[in-house]
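Peer 1: Given chain A, work out where chain B should sit, using these hints.
Number of protein chains: 2
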Amino acid sequence: MKFTVLAGGIGAARLLGGLAAVADPEQITAICNVGDDLEWNGLHISPDIDSVIYTLAGIEGEWGWGVRGDTTRTLEALRDLGGDAWFTIGDLDLATHLRRTSVLRAGGTLSEATAALTAGRGLRTTVLPVTDDPHPTIVQTAEGDLPFQVYFVQHRAADTVTGFAFPGVEDTRPAPGVLEAIAECDALVIAPSNPFVSIAPVLDVPGVRDAIAHTRARRVAISPIVGGEAVKGPAAEMLRALGHEVSALGVARMYAGLIDTFILDAVDASLVPEVQALGMDAIAFDTMMVGEAGRARVAASLVATLSASMA
Amino acid sequence: MKFTVLAGGIGAARLLGGLAAVADPEQITAICNVGDDLEWNGLHISPDIDSVIYTLAGIEGEWGWGVRGDTTRTLEALRDLGGDAWFTIGDLDLATHLRRTSVLRAGGTLSEATAALTAGRGLRTTVLPVTDDPHPTIVQTAEGDLPFQVYFVQHRAADTVTGFAFPGVEDTRPAPGVLEAIAECDALVIAPSNPFVSIAPVLDVPGVRDAIAHTRARRVAISPIVGGEAVKGPAAEMLRALGHEVSALGVARMYAGLIDTFILDAVDASLVPEVQALGMDAIAFDTMMVGEAGRARVAASLVATLSASMA
Chain A
1 MKFTVLAGGI GAARLLGGLA AVADPEQITA ICNVGDDLEW NGLHISPDID
51 SVIYTLAGIE GEWGWGVRGD TTRTLEALRD LGGDAWFTIG DLDLATHLRR
101 TSVLRAGGTL SEATAALTAG RGLRTTVLPV TDDPHPTIVQ TAEGDLPFQV
151 YFVQHRAADT VTGFAFPGVE DTRPAPGVLE AIAECDALVI APSNPFVSIA
201 PVLDVPGVRD AIAHTRARRV AISPIVGGEA VKGPAAEMLR ALGHEVSALG
251 VARMYAGLID TFILDAVDAS LVPEVQALGM DAIAFDTMMV GEAGRARVAA
301 SLVATLSASM A
Chain B
312 MKFTVLAGGI GAARLLGGLA AVADPEQITA ICNVGDDLEW NGLHISPDID
362 SVIYTLAGIE GEWGWGVRGD TTRTLEALRD LGGDAWFTIG DLDLATHLRR
412 TSVLRAGGTL SEATAALTAG RGLRTTVLPV TDDPHPTIVQ TAEGDLPFQV
462 YFVQHRAADT VTGFAFPGVE DTRPAPGVLE AIAECDALVI APSNPFVSIA
512 PVLDVPGVRD AIAHTRARRV AISPIVGGEA VKGPAAEMLR ALGHEVSALG
562 VARMYAGLID TFILDAVDAS LVPEVQALGM DAIAFDTMMV GEAGRARVAA
612 SLVATLSASM A
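So the protein sequences, as listed, match chains A and B.
First residue of the first sequence: 1, per the numbering used here; consecutive thereafter.
First residue of the second sequence: 312, per the numbering used here; consecutive thereafter.
Looking at chain A on its own, in the form it has when it is part of the complex:
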């Protein structure tokens, strides 16, 4: 079975790690959000791509970002120098951003830089940015418009969100291989990522929604909301602030018409009928990806669900 996964950061990375453990890694393509990319002291950082790569390489940090056991010698020296050090970058992590920036400054694309990074880590899974064009997520708040990482890291997601903007998204083009990966897979999986700031900026790149509408693949999404809470990050607060129901059902409504199957966590099984009423299949199982075993279990459940629906 060929998988294409629309990916944000941590939730997607964990799902991909599990999938690569239970399926052929070479048959998996991740299409990654770049809305939270940032320039950090002249280096290009792609946090979602890095979370995916580090997790696939088995070296992800304890909190889902950065490299496990990393140190911050350079960051501390930079802070001592009066530099811009609010975004934590570890010493091993830094090698990734240097390598990426090296490719970009030499005229390469983000796709090419990403391919260099996956090759450098010996990965067999394909990792693609959704676009090679700049495509930043702006978080609109009561205090003004904030680049995603300013909102999320510098302000610790404390501002009240009023909306999102993706300036220039209409001029972005899907990166090479993105539309093909959607068209030619057997299973298109929307990872349990934030629908507003991880998945929407992937879907909104011109051509992506259309490719999803026309793919022969089974299209499935996994809820990032479990028991009315986000497994990770500010998705629940965003749903609430923007007037959505803060539940897996609220997320399912956002994907209505786009997908065939919605997967809820077992604790939300009571929502299955309401999700089905949106015109999609709904299945509930334990989606908590704790540890490598947990990731593999969720991925195996996903594969079983897909196999059953294709039978």
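If you're looking for bench data, these hints aren't it; they were derived computationally from the structure.
Since the model is a prediction, treat every value here as computed from it, not as a measurement.
Using N, Cα and C, we set each Cβ at its ideal position, and we do this for glycine too.
Where hints are given, some of them may not hold.
What the hints assert, rightly or not - Here are a few chain A residues that sit away from chain B, every Cβ distance over 12 angstroms (derived from the structure):
| id | residue |
| --- | --- |
| 1 | Arg73 |
| 2 | Gly83 |
| 3 | Asp84 |
| 4 | Ala106 |
| 5 | Val153 |
| 6 | Thr160 |
| 7 | Glu229 |
| 8 | Glu245 |
| 9 | Gly294 |
As the list claims (entries may be wrong) - With the Cβ distance kept under 7 angstroms, some of the chain B side facing chain A (calculated, not the full set):
| id | residue |
| --- | --- |
| 10 | Arg379 |
| 11 | Thr383 |
| 12 | Arg384 |
Unchecked claim - Distance ranges between label pairs, derived from CB positions:
| id | chain 1 | residue 1 | chain 2 | residue 2 | range |
| --- | --- | --- | --- | --- | --- |
| 13 | B | Gly375 | A | Arg209 | 40 to 50 angstroms |
| 14 | B | Gly605 | A | Gly82 | 24 to 34 angstroms |
| 15 | A | Gln276 | B | Thr382 | 50 to 60 angstroms |
Peer 2: Then chain B, alone, in the frame of chain A:
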């Protein structure tokens, strides 16, 4: 006494360190070569400026470059990733290049980046790049034209040098403060740096030679060649390859007409009459800058020489 020092890397850094110990650091300006600047994985590196800053800050590495006691976690990770890692950058050193690049990418000049770095290190000495414009040194060799660091570090200075080129030097402008520092000092000092690849690229920036010709300052150079050998680096091989006499006298000839006083090492005292015959004062004393005490001793001898010549 106000000092302006034309500076390359290590020899200049040591002289400046000594001078800052025996004179008022606020009365010292270093005008630094940028010909060996390089872009390293997207970061702008200015090796001569950094050697000067680290030495003034008292944190220079054992070999005159980088930061003492530095580690190379990021560099090793970058090498493992298949990145460009032939130029050694330590973890603490890296903070400097990130800070500099951050200023440059935000539209700042190399002067502004350098000022941020000296401020970050709490230095009172002024450190200026000779120019804010790109001004690379190309080493012409039997095997082709090489950027300076490719010749010096990657090829370990093993190629036979046939000449030097400074493409575009005619379009460079002195950085803010450079011509003023030359015009308004009491002592203009050419550091014991490589005359071909450290001092020439400083002198060749339009306006610099003219400012030196018209300054009221006493103009003095210290020989980087002692006993027919370079204290550090490939200056002796370059003198030989280009048909110069490989001695302090060979260097003095290159500065004839530009300076008032030439300082030789005590071991070369026998060359004093020949240097004087070039139309400049010549004085010999122990110029070896071993340790902090050695640097201060040489600086004190320099100050004494200057005081005597101005009396």
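Peer 1: So, for every hint listed, does it hold in this structure?
Peer 2: Status of the hints after comparison with the structure:
no.: 1; hint: Arg73; in the structure: 4 angstroms, violated
no.: 2; hint: Gly83; in the structure: 4 angstroms, violated
no.: 3; hint: Asp84; in the structure: 6 angstroms, violated
no.: 4; hint: Ala106; in the structure: 9 angstroms, violated
no.: 5; hint: Val153; in the structure: 17 angstroms, holds
no.: 6; hint: Thr160; in the structure: 29 angstroms, holds
no.: 7; hint: Glu229; in the structure: 36 angstroms, holds
no.: 8; hint: Glu245; in the structure: 43 angstroms, holds
no.: 9; hint: Gly294; in the structure: 28 angstroms, holds
no.: 10; hint: Arg379; in the structure: 13 angstroms, violated
no.: 11; hint: Thr383; in the structure: 9 angstroms, violated
no.: 12; hint: Arg384; in the structure: 4 angstroms, holds
no.: 13; hint: B/Gly375 - A/Arg209: 40 to 50 angstroms; in the structure: 59 angstroms, violated
no.: 14; hint: B/Gly605 - A/Gly82: 24 to 34 angstroms; in the structure: 32 angstroms, holds
no.: 15; hint: A/Gln276 - B/Thr382: 50 to 60 angstroms; in the structure: 57 angstroms, holds
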